[in-house]
Amino acid sequence: ELQGGDQLGAIVHYIRGLKKDSMMNYARLNLASAYNSVGKNQEALIALKEAATIDAKNDRIFYNLGLLCYEMGDIPAALESFQKAVRLNSTNTGLYYNYGLLLQQRGKIKDAEQVLLKGFAINPQAANINYGLAFLYANQNNLPKARVHAEVLRRIDPNNTEYQGLFRSLGM
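45 is the number that our numbering gives to position 45 of the sequence shown; each next residue is one higher, with no gaps.
No wet-lab data here; the hints were simulated from the structure.
C-beta: ideal position from N, C-alpha, C; glycine also.
Incorrect hints may have been included.
[Claimed, not checked] Straight-line Cα separation of at most 25 Å, DSS-like style, residue types lysine-lysine; simulated pairs:
id, residue 1, residue 2
1, K84, K110
2, K84, K49
3, K118, K84
4, K20, K40
5, K57, K118
6, K108, K145
7, K84, K57
[Unchecked claim] Label pairs and their calculated CB-CB ranges:
id, residue 1, residue 2, range
8, P144, M23, 17 to 23 Å
9, G171, L88, 27 to 33 Å
10, L117, D21, 36 to 42 Å
Generate coordinates for the entire structure from the input sequences, incorporating the hints supplied.
Next up, the structure:
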């Protein structure tokens, strides 16, 4: 139902499903996403926190929780949720990218680099991770390291307009 854009219908559907089986966490994740898409972030937060209580070992729940907390302006909770997802050995490069950028925004450059490098170790070809590292190193004026990651971007997605400014700033 989410594909059809009928978010309110999807919400009703997921709530009905959860009444039948309160342990259906995938429905809770979808419910949180549907709530978020219609601007009901408080309800989304409740659904994700319930999901985390039921399955405290699910890195995806904590990643989604981190994104939602960030969107809601609760930076400490976002950092904590991202950190939990990392501790659960998530293989989602989106987690490492978003967590790394948030740490960078907070001025924690060394921590940001470590998080992004963890994501790089998981998937050295991930565009988001290479972009994050190129951006981080370019901001540190470490152009040789920035170019290494920008070269990966150029190889895997040379025509991406979002990368052109980065390429130009690195003289590529």
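Enumerated hints in conflict with the structure, sorted upward: 8 and 9
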